[in-house]
Amino acid sequence: MLAAAADAGSIDRRSFLQHASWLGAAVPLGACAAAPGPSNDRLRFVCAVQAISDPALSAWVEASNLYRNVLEFLTEVDADNIVRPALAESWRPSADLRTWTFTLKPGVRWSNGQPLTAADIGHNFDRWLAPGSKSVNRTALAAITGFERLDDRRFALHLARPLCTLAEQLYSPTCAIVHPGFDGTRWTDGPIGTGPYRLTDFQVGRQARFDRRDDYWGPPALLRQIDVIDLGPDVATHVAALAAGQVDMLYRIGVSELDLVERLPAARLLRHPSAMTICMRMKIDQAPFDDIRVRRAIQLAADNAAMLRLGHRGFGILADHTHVSALQPDHGSLAPQARDVREARRLLAAAGFSSGLDLSLVLGNTTGRWEQDVAQILQQNLAEAGIRLALKVLPPTEYWSVWDKVPFGLTSWGHRPLGIMTLDLGYRGGSSWNETGFADPQFDTLLDTAMAVVDPVARRGVMAQAQQRLRDAAVIMQPFWPEKFTAVSPRIRGHVLHPADYFRLERVWLA
Numbered sequence: 001m002l003a004a005a006a007d008a009g010s011i012d013r014r015s016f017l018q019h020a021s022w023l024g025a026a027v028p029l030g031a032c033a034a035a036p037g038p039s040n041d042r043l044r045f046v047c048a049v050q051a052i053s054d055p056a057l058s059a060w061v062e063a064s065n066l067y068r069n070v071l072e073f074l075t076e077v078d079a080d081n082i083v084r085p086a087l088a089e090s091w092r093p094s095a096d097l098r099t100w101t102f103t104l105k106p107g108v109r110w111s112n113g114q115p116l117t118a119a120d121i122g123h124n125f126d127r128w129l130a131p132g133s134k135s136v137n138r139t140a141l142a143a144i145t146g147f148e149r150l151d152d153r154r155f156a157l158h159l160a161r162p163l164c165t166l167a168e169q170l171y172s173p174t175c176a177i178v179h180p181g182f183d184g185t186r187w188t189d190g191p192i193g194t195g196p197y198r199l200t201d202f203q204v205g206r207q208a209r210f211d212r213r214d215d216y217w218g219p220p221a222l223l224r225q226i227d228v229i230d231l232g233p234d235v236a237t238h239v240a241a242l243a244a245g246q247v248d249m250l251y252r253i254g255v256s257e258l259d260l261v262e263r264l265p266a267a268r269l270l271r272h273p274s275a276m277t278i279c280m281r282m283k284i285d286q287a288p289f290d291d292i293r294v295r296r297a298i299q300l301a302a303d304n305a306a307m308l309r310l311g312h313r314g315f316g317i318l319a320d321h322t323h324v325s326a327l328q329p330d331h332g333s334l335a336p337q338a339r340d341v342r343e344a345r346r347l348l349a350a351a352g353f354s355s356g357l358d359l360s361l362v363l364g365n366t367t368g369r370w371e372q373d374v375a376q377i378l379q380q381n382l383a384e385a386g387i388r389l390a391l392k393v394l395p396p397t398e399y400w401s402v403w404d405k406v407p408f409g410l411t412s413w414g415h416r417p418l419g420i421m422t423l424d425l426g427y428r429g430g431s432s433w434n435e436t437g438f439a440d441p442q443f444d445t446l447l448d449t450a451m452a453v454v455d456p457v458a459r460r461g462v463m464a465q466a467q468q469r470l471r472d473a474a475v476i477m478q479p480f481w482p483e484k485f486t487a488v489s490p491r492i493r494g495h496v497l498h499p500a501d502y503f504r505l506e507r508v509w510l511a
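So in the UniProt record's numbering, the last one in the sequence shown is 511, and the numbering has no gaps at all.
One should not assume that every hint holds.
[Said to hold, decoys possible] Mimicking DSSO-like on lysine-lysine, the simulated pairs with C-alpha atoms at most 27 Å apart in a straight line are:
1. K134 to K283
2. K405 to K134
3. K392 to K283
4. K283 to K405
5. K405 to K392
The set of hints was computed from the structure by calculation and includes no laboratory data.
Work the whole structure out from these sequences, hints included.
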């Protein structure tokens with residue numbers, strides 16, 4: 001069926017490979033430059049060094065880029081959104097997508113010398129899905145009803161309902177496989193992992209150090225040492241350190257730094273389209289956002305094109321308040337929603353705000369100053385409809401503690417390979433990361449239906465219905481999908497910018 005769709009031109013080669021990999025088919029690796037052998041080189045990587053109590057509780061990608069040097073995942077989703085083997089060498093879903101059988105790679109060992117077994121994997125699923133678990137995995141993987149160990153290398157997952165996204169979900173930052181001896185607290189205190197590095201120093205807000213494991217079970221890491229350096233939230237400081245040769249790689253830069261980076265001889269710009277985005281979301285159980293007329297008015301007054309053009313210099317793709325990107329293969333096509341300030345004013349008056357409305361938007365510039373620039377454009381947009389919007393800008397660390405609590409907030413959402421993953425995580429009733437409080441049984445039913453559809457073309461039709469219901473509910477304003485940027489030293493080789501900001505540093509080397 002997939003091959004026929006590819007031959008007919010209804011899906012492209014990348015989509016074909018994505019869907020083939022979901023069904024456990026072997027997907028060939030693309031051509032890449034030949035890497036040298038292990039070296040004595042040290043990489044200096046600028047990234048926030050955040051406290052890590054338990055990887056399963058992690059909410060931010062920066063932390064995952066530290067522990068993914070020590071821990072590994074069952075699967076990997078590459079920069080082209082294609083699922084590849086990691087700790088699992090293969091997986092096979094049943095025809096109804098309700099039983100998935102996995103086989104672990106042979107010879108995998110923990111850093112303490114113990115072999116990785118299916119029982120260890122079962123321990124992780126037990127942690128994630130326990131009744132008292134606070135991990136987002138508990139809702140993201142809620143369809144799983146049972147773990148069955150088949151032998152030391154094979155296990156089966158039994159599901160209450162189909163979950164076509166399972167292989168992708170297992171590369172979520174919260175799905176890193178930890179040793180069964182980990183007690184769920186202070187992971188950074190001597191962690192045991194199957195990954196290519198050991199953690200040898202960890203100071204929150206300052207630095208972390210990782211040293212290559214000579215006894216690693218797989219291909220050896222190329223770098224002897226990785227130093228992660230926290231230089232604070234000011235990206236201009238990061239660029240200055242790169243220009244001075246004090247560091248080799250930056251986690252992220254924003255549009256404000258583009259021109260400077262392109263002029264620097266000591267920097268190479270990397271860029272990638274992404275399904276990462278920002279949402280100005282409303283808690284629909286709090287006034288005035290409990291009135292759909294107010295939410296619709298705010299959405300209709302927003303000028304997405306202006307926010308992209310003026311707030312992000314046009315680097316990105318317009319969005320349409322559905323939180324599913326055309327970059328994702330399951331994107332359902334909808335007619336665009338036109339801006340309508342007159343209708344926004346009418347709705348506000350009908351809701352009892354004929355004299356206008358005062359609101360406050362909380363944000364934290366968690367992905368850069370451009371978030372505030374976009375919010376200021378929104379502020380001007382809403383003023384045309386009689387909405388007086390105040391901006392409350394918090395330090396990034398403060399916003400992280402209230403992102404799902406404030407009545408009206410601007411939250412950055414990471415890239416996910418499939419749009420249905422985002423909808424399931426952010427908008428299914430009762431989901432751990434449902435920051436709006438949106439709960440619509442018909443929407444949830446559409447998600448369940450889409451999760452059971454293997455054919456990508458058929459799934460798009462169901463997704464279009466789910467996207468329409470979300471947009472009609474007006475719980476978010478989602479203006480655009482920003483292009484992603486970072487900068488590295490010209491000496492860096494082997495690094496591919498991932499749309500989800502995942503850094504696989506064991507594959508990097510210095511020329």
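Hints versus structure:
A threshold of 27 Å between alpha carbons decides the hint, and for K134 with K283 the separation of about 21 Å falls inside it, so the pair holds. At roughly 16 Å between alpha-carbon atoms, K405 and K134 fall within 27 Å of each other, so this suggested pair holds. Taking the CA atoms of K392 and K283, the gap is about 16 Å. The hint holds against a cut of 27 Å. A hinted pair counts as satisfied when its Cα atoms are at most 27 Å apart, and K283 with K405 qualifies at roughly 8 Å.
In summary, the hint linking K405 to K392 is supported, as the alpha carbons are separated by about 14 Å, within the 27 Å threshold.
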